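Asks: Residues per chain are reported as follows:
Protein chains: 2
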Amino acid sequence: MKLTTVKEALKIILNNTEDFGVEEIDFLECEGRVLKEDIIADRDFPPFNRVSMDGIAINAATFNSGERDFKIEGVQAAGSPQITLKDTFNCVEAMTGAVLPLNTNVVIQYELLTIKNGVATVNLESVKDFQNIHKKGLDRTAGDVLIEKNKVITAAEIGVLATVGKSKVKVGKQPKVIIVSTGNELVEITETPAEHQIRRSNVYTLVSLLKKLNINAETAHILDNKEVLKAKIENYLSNFDVLIFSGAVSKGKFDFIPEVLNFLGVEKLFHKVNQRPGKPFWFGKKGVKTVFAFPGNPVSTFVSCLKYFTPWYKKSMGLNLNNRETAILTEDFYFKPSLTYFLQVKTNIENGKTYATPVSGKGSGDLANLVDADAFLELPNDKTNFTKGEVFPLINYR
Amino acid sequence: MKLTTVKEALKIILNNTEDFGVEEIDFLECEGRVLKEDIIADRDFPPFNRVSMDGIAINAATFNSGERDFKIEGVQAAGSPQITLKDTFNCVEAMTGAVLPLNTNVVIQYELLTIKNGVATVNLESVKDFQNIHKKGLDRTAGDVLIEKNKVITAAEIGVLATVGKSKVKVGKQPKVIIVSTGNELVEITETPAEHQIRRSNVYTLVSLLKKLNINAETAHILDNKEVLKAKIENYLSNFDVLIFSGAVSKGKFDFIPEVLNFLGVEKLFHKVNQRPGKPFWFGKKGVKTVFAFPGNPVSTFVSCLKYFTPWYKKSMGLNLNNRETAILTEDFYFKPSLTYFLQVKTNIENGKTYATPVSGKGSGDLANLVDADAFLELPNDKTNFTKGEVFPLINYR
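Protein chains in written order, with our numbering: chain A, 22 to 419; chain B, 22 to 419.
Keep in mind that the hints were calculated from the coordinates and are not lab data. There's no promise every hint is true.
As the list makes no split between identical chains, a pair holds if one copy fits it or if it spans any two.
What the hints assert, rightly or not - Derived BS3-like pairs (lysine-lysine); straight-line CA-CA distance at most 27 Å:
#  : residue 1 : residue 2
1  : Lys28     : Lys374
2  : Lys157    : Lys28
3  : Lys272    : Lys107
4  : Lys300    : Lys156
5  : Lys157    : Lys357
6  : Lys293    : Lys156
7  : Lys247    : Lys57
8  : Lys233    : Lys197
9  : Lys409    : Lys335
10 : Lys274    : Lys157
11 : Lys57     : Lys367
12 : Lys300    : Lys232
13 : Lys172    : Lys197
14 : Lys32     : Lys194
15 : Lys335    : Lys233
16 : Lys172    : Lys232
17 : Lys232    : Lys191
18 : Lys57     : Lys194
Since we're looking at a predicted model, the values are computed, not measured.
Please model the entire structure based on the sequences and the hints provided.
Replies: Shown next, in the form of structure tokens:
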């Protein structure tokens with residue numbers, strides 16, 4: 022049987038994204054979420070001719086007429102309404118962030134002044150109009166788009182949202198996701214496993230990966246029983262947008278997931294991908310519902326979530342998928358099978374270049390190895406010798 | 022007055038880190054936190070000779086004696102106690118994740134079998150001992166350190182914590198931080214500012230930057246009144262580990278922060294740094310309390326938090342500060358003043374290299390420009406011409 026290639030699999034997945042709509046949330050809750058409205062300047066920025074140094078505000082014409090001594094008429098504090106320089110031969114002390122006083126057009130910082138008996142003497146040969154003044158509307162004009170929609174909101178955007186008074190913000194609604202483990206060998210993490218059992222870990226790894234995308238996934242565990250699987254999965258298909266499975270997708274006698282999904286009307290879009298780890302990966306759709314059924318081994322699940330679910334999610338949210346990371350292999354590597362290989366690597370940055378050094382693992386099930394590595398290097402299936410200095414796509418998880 | 026250089030400022034800050042102790046939290050809450058105990062393998066991994074392909078388990082000696090037809094004696098499912106192959110001329114169907122049945126030492130996957138009338142015929146010339154078996158203890162041995170302390174916990178570590186049953190985990194306690202804005206010109210974001218006012222944004226930007234470090238900071242605003250400042254800051258010094266100010270640290274008539282901090286016994290370790298933006302930055306200590314007083318302009322506050330608070334926090338938590346990012350400048354850039362310049366840039370990755378392209382801003386106060394950029398390139402103060410292709414430290418905020 023010809024396996025689906027990694028490229029084909031990703032293409033199919035990206036052709037099956039969904040739009041989960043828009044919701045309005047508090048601006049302080051929206052980090053990491055995707056903006057779904059253009060953010061517009063409600064006024065000019067700065068909104069007034071803004072003093073940008075502490076010092077005195079004067080009239081340039083007076084200075085240019087040769088005057089260097091300016092009697093201090095008053096103080097223009099930040100946060101006070103604009104005052105007026107009454108006599109243009111005088112000056113007003115003006116503070117950073119204040120409105121420029123009327124009848125003034127130059128600010129001279131304290132460092133260049135001598136102040137004595139209420140008179141400021143300017144130690145300067147010449148001045149420029151609007152020196153030390155951040156002019157009204159210089160940065161942005163009222164009505165300008167400050168943030169375009171479909172951008173991930175970070176601290177920078179939070180600051181802008183606050184500035185324009187957007188206390189409620191329209192963001193993309195997150196998909197409702199349930200992560201389901203199967204397998205009779207799994208026990209809860211608070212239990213002590215018997216000799217033939219292991220603790221359940223994949224769901225928690227997936228929960229954590231999704232949390233990084235600001236998705237709070239629910240979790241469930243189902244034993245290897247076809248009728249129970251049918252009933253529960255039917256229920257999940259009604260109540261969630263996305264079902265992520267871990268395990269029971271291969272050739273085992275109890276690998277019921279593909280059969281049960283088929284029975285429930287989930288259309289298989291592919292099963293088995295030409296990759297290591299994660300070959301038995303199954304992907305399907307039922308209407309707007311999306312099902313990722315990853316193989317049960319921990320590293321397979323981990324890398325498959327990063328390689329497939331993450332871009333599916335990003336595209337669903339309207340983000341573009343450009344500027345993917347790449348890294349430079351630091352040593353020769355040999356991998357014979359004609360499969361895309363997700364090589365565990367440790368990265369380091371030198372002189373603007375990202376290097377990836379293989380972390381020798383003990384096989385695709387070695388979860389502890391993920392701790393020593395921090396990324397996967399995606400080695401294509403059409404070659405077997407990967408040479409020091411070659412560049413490959415990088416999937417960074419730290 | 023000779024200004025403190027950026028390098029000196031950072032050195033002073035890193036010589037004044039604090040240890041906030043350790044707390045034990047639920048393993049699912051510990052993403053992004055710093056591990057404060059070694060995580061030990063509670064058993065071997067795998068804990069038993071683990072079948073790694075679905076197929077049949079046989080005895081290699083039988084195969085090597087020429088036998089290719091194996092009567093199926095039973096099924097070894099994952100999650101079931103180990104069964105025994107009674108007749109070594111027979112086989113047991115064995116599933117991925119199951120314990121290897123007793124008296125078997127080879128697993129042959131279904132793909133290489135023909136099964137008819139309860140007999141599996143192996144279509145294979147030779148087998149290797151422990152083929153398709155993930156041997157007990159191959160990955161890790163009971164007692165091995167799986168994760169060393171002082172590591173940031175990510176999804177990979179969550180998986181390992183689950184595997185070894187660490188439902189409660191010792192992590193570094195977070196500092197208690199309060200972020201304080203000052204300035205009479207600031208109004209709340211839900212208010213409509215008067216002509217001479219602007220909305221309060223820096224505290225929210227800082228809250229968001231600290232949230233990325235998993236710190237839930239409190240916030241406060243104080244008007245430019247010396248007595249109120251004294252009373253409130255004295256209270257904050259009692260109740261918080263870290264005080265971060267934004268504004269009132271320069272030469273203005275109402276820039277009371279340095280004076281008030283001095284009055285309250287906070288020792289100034291430096292005031293004014295040879296950088297743009299952010300020159301009036303003030304840093305001090307009172308015993309174990311740490312005070313970062315950043316200038317009030319939005320970009321100054323933003324970059325100063327990333328450049329100074331973040332590494333201070335990381336070192337305080339026991340993290341190492343190696344592997345700092347760098348990037349390659351894509352065009353010539355000229356900056357005359359003998360100041361370290363934090364240039365706003367947009368980054369992109371090509372062939373494993375990170376490139377930084379200047380985003381022309383409208384001055385240090387242009388918050389909206391942060392939205393178009395995604396990092397700062399740190400240009401040193403000892404030159405004025407920065408040439409395309411040169412590499413500089415990068416401070417990425419996305």
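Asks: Now, for every hint given, state plainly whether the structure supports it.
Replies: How the hints compare with the structure:
1. Lys28 / Lys374: Answer is both: 26 Å inside a copy and 23 Å across each meet the 27 Å cutoff.
2. Lys157 / Lys28: neither (51 Å within a copy, 35 Å between copies)
3. Lys272 / Lys107: For Lys272 and Lys107, the Cα distance is within 27 Å only across copies (25 Å; inside one copy 90 Å).
4. Lys300 / Lys156: between (61 Å within a copy, 21 Å between copies)
5. Lys157 / Lys357: between (65 Å within a copy, 26 Å between copies)
6. Lys293 / Lys156: between (62 Å within a copy, 25 Å between copies)
7. Lys247 / Lys57: Answer is neither; intra-copy 42 Å and inter-copy 43 Å both fail.
8. Lys233 / Lys197: both (15 Å within a copy, 23 Å between copies)
9. Lys409 / Lys335: Result: close neither inside a copy nor across copies, 32 Å intra and 33 Å inter.
10. Lys274 / Lys157: between (73 Å within a copy, 23 Å between copies)
11. Lys57 / Lys367: between (36 Å within a copy, 22 Å between copies)
12. Lys300 / Lys232: Within one copy only: 25 Å inside a chain, 37 Å across chains, cut-off 27 Å.
13. Lys172 / Lys197: Cα proximity of Lys172 and Lys197: one copy only (21 Å, versus 31 Å across).
14. Lys32 / Lys194: within (23 Å within a copy, 44 Å between copies)
15. Lys335 / Lys233: Close inside one copy (12 Å) and across copies (20 Å); limit 27 Å.
16. Lys172 / Lys232: both (18 Å within a copy, 19 Å between copies)
17. Lys232 / Lys191: Both. Shortest intra-copy (20 Å) and inter-copy (21 Å) distances satisfy the 27 Å Cα cut-off.
18. Lys57 / Lys194: within (9 Å within a copy, 36 Å between copies)
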